[in-house]
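Starting from the structure of chain A, add chain B where the hints point.
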Amino acid sequence: MATRIAQRTRTDGSLPRWVFVPAGLGALFVLLPLAAIGSKVRWGTFWSLITSESSLAALGLSLKTSSAATALCLLLGVPMALVLARTHFPGQRIVRSLLLLPLVLPPVVGGIALLYTFGRRGLLGHTFEVLGLQIAFSTTAVVIAQTFVALPFLVVSLEGTLRSVGQRYEVVAATLGGRPTFVFRRITLPLVLPGLLSGAVLSFARALGEFGATLTFAGSLQGVTRTLPLEIYLQRESDPDAAVALSLVLVVVAVLVVGFAQGRRES
Amino acid sequence: MITRQHTVAATAAALVVLTACGSSEDAATTSTARSTLTVFAAASLKATFTQLGASFEASHPGVTVTFNFAGSSDLVTQIQQGAPADVFASADTKNMDKATADSLISGAPVPFASNTLEIAVPPGNPAKVATLKDIINPAVKLVICAPEVPCGSAAEKVEAAAGLAFTPVSEESSVTDVLNKVATGQADAGLVYVTDVKGAAGKVEGVTLPESSAAVNTYPIGALAGTKNASLAKDFIALVTGAEGQKVLADAGFAKP
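In order, the protein sequences belong to chains A and B. Under our numbering, the letters of the first sequence match residues 4 to 270, in that order. Under our numbering, the letters of the second sequence match residues 2 to 258, in that order.
Don't read these hints as lab results, they were simulated from the structure. From a predicted model like this one, the values you see are computed outputs, not experimental measurements. Using N, Cα and C, we set each Cβ at its ideal position, and we do this for glycine too. Certain hints may be false.
Unchecked claim - Derived list of chain B stretches under chain A, where covered just means 3 residues or more per stretch with a C-beta under 8 Å from a C-beta of chain A:
1) 139-147
2) 163-173
3) 176-189
To be verified - The calculated DMTMM-like cross-link candidates involving lysine to aspartate or glutamate, where the alpha carbons are at most 25 Å apart (straight line), are:
4) B:Lys204 to A:Asp244
5) A:Lys43 to B:Glu245
6) A:Lys43 to B:Asp103
What the hints assert, rightly or not - Counterexamples of contact, computed for chain B against chain A with all Cβ distances above 10 Å:
7) Glu206
8) Lys229
9) Asn230
10) Gln247
Just chain A, same shape as in the assembly (with noise of 0.2 Å):
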């Protein structure tokens, strides 16, 4: 990363010296929180809190969960980002903006919106309580909240990487005589791969981090519903040092997953 920086700051003469400061005083805003959050761990009981049952649970579930829901969003995503980016219909970027607003919706809003769908006396609820699925308090309630705020991020992410591949490769594919589903399957799907990668990352990391719809909708139980951010609040309540410990974890994962993305976007 320091050395990315140097080589463009030597490359680009053109970027003035005053810079430097507002920009290195933006990096020390986000930088010297997750500092404090490292200096405030018991490293002595670091190792038993954070594989204490509750812990590990939540961890447990926080992964799969994610997972899951990024898997959704990859299989309602991928398609939702082709007709955007490849279609034109009337009202189209009206539906773009509706489908990407839970990106800015506050994630409380969003689960108060899945509990009027989802829930048990939701628009829906009575169909799938029919159907024999009951969704309120169980993991596919976390993985619907995760999913709901996670699905944006892949369609951006994809959507901006097919627009700047283009459509020569698709339209030459096509002439030559390749029906729609092989040039998407060899052509446009190899094309925007490093997106598409980058995308999903993108989802499982802002599904890890999902916690304002997850408590609104869901509801918290270990091993069931209560995910890792959701461990951290309650562990506040009662345990600040077993907080800072999952706290540091979840930053662990989060460096971890942003680093696989900046690394695949490089290459």
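Showing chain B alone in chain A's frame:
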């Protein structure tokens, strides 16, 4: 590349301007206010203390009462981190004890109210909950507070006293979350305070719980040791513990301490 640098500079500049705005605004508010009493109070006291705050402002011209309502343990943490409070009213003695242990409270806290648990059910009581035994039926979706928070430890005491084993579908981190799950019909029953049921009249119904005497939460109030408004803080505590305060609290369903 150049456009990206411009964006960075513009964002940084905007940030500087924003921070500047923020600080000048803060300065303006502190200079115009004549006297402000800051009360940190448990979330369950919101309705009653807001009413008492208005009454206090009426009897103390020139004084503004500002409240910070939150979970008692959050409030203690904020006070420990140096939040500027004059009065602290906790929903349980445990959290008040944390503040007194750190010598943050001046003198001994005064108990001013108590609260017990009740079963909250959605309007119409769809699961026909009548006694504590009904809520351990697996078909009844029960939501309680997690043991880490005061309403959850009260629920644990009731559970132990009744000799039952609760099987909740969710253990929420605040009593408000339990109440919301019941009010929206997600849950069939929830254990909340008597005052919560009364405050949410129309949205939930209450089922009295004789076993709740096993867990009585006492609310203590005290002035902060570091307050600059010691006499105002004393007056406010006198209002809460006096006849008027006790009537407002009793009307909201609180019992005597």
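Hint check:
1. Note: the segment 139-147 of chain B has 3 residues with beta-carbon separation from chain A under 8 Å; the three-residue rule is met and the coverage holds.
2. Restraint check on the segment 163-173 of chain B versus chain A: 5 residues with Cβ-Cβ distances below 8 Å, three needed, restraint holds.
3. Coverage of the segment 176-189 of chain B by chain A holds in this model, with 7 residues showing a Cβ closer than 8 Å to a Cβ of that chain against a need of three.
4. A threshold of 25 Å between alpha carbons decides the hint, and for B:Lys204 with A:Asp244 the separation of about 38 Å lies outside it, so the pair is violated.
5. Taking the CA atoms of A:Lys43 and B:Glu245, the gap is about 45 Å. The hint is violated against a cut of 25 Å.
6. Using a Cα cut-off of 25 Å, the hinted pair A:Lys43 and B:Asp103 holds, with the two alpha carbons roughly 19 Å apart.
7. No Cβ of chain A comes within 10 Å of the Cβ of B:Glu206; the nearest lies about 16 Å off, and the non-interface call holds.
8. Listed as a non-interface residue, B:Lys229 keeps its Cβ farther than 10 Å from every Cβ of chain A; the least gap is roughly 28 Å.
9. The beta carbon of B:Asn230 sits about 29 Å from the closest Cβ of chain A, which is more than 10 Å, so the claim that it is off the interface holds.
10. With a closest Cβ-Cβ approach of about 29 Å to chain A, B:Gln247 is found to remain outside the 10 Å limit, as its non-interface label requires.
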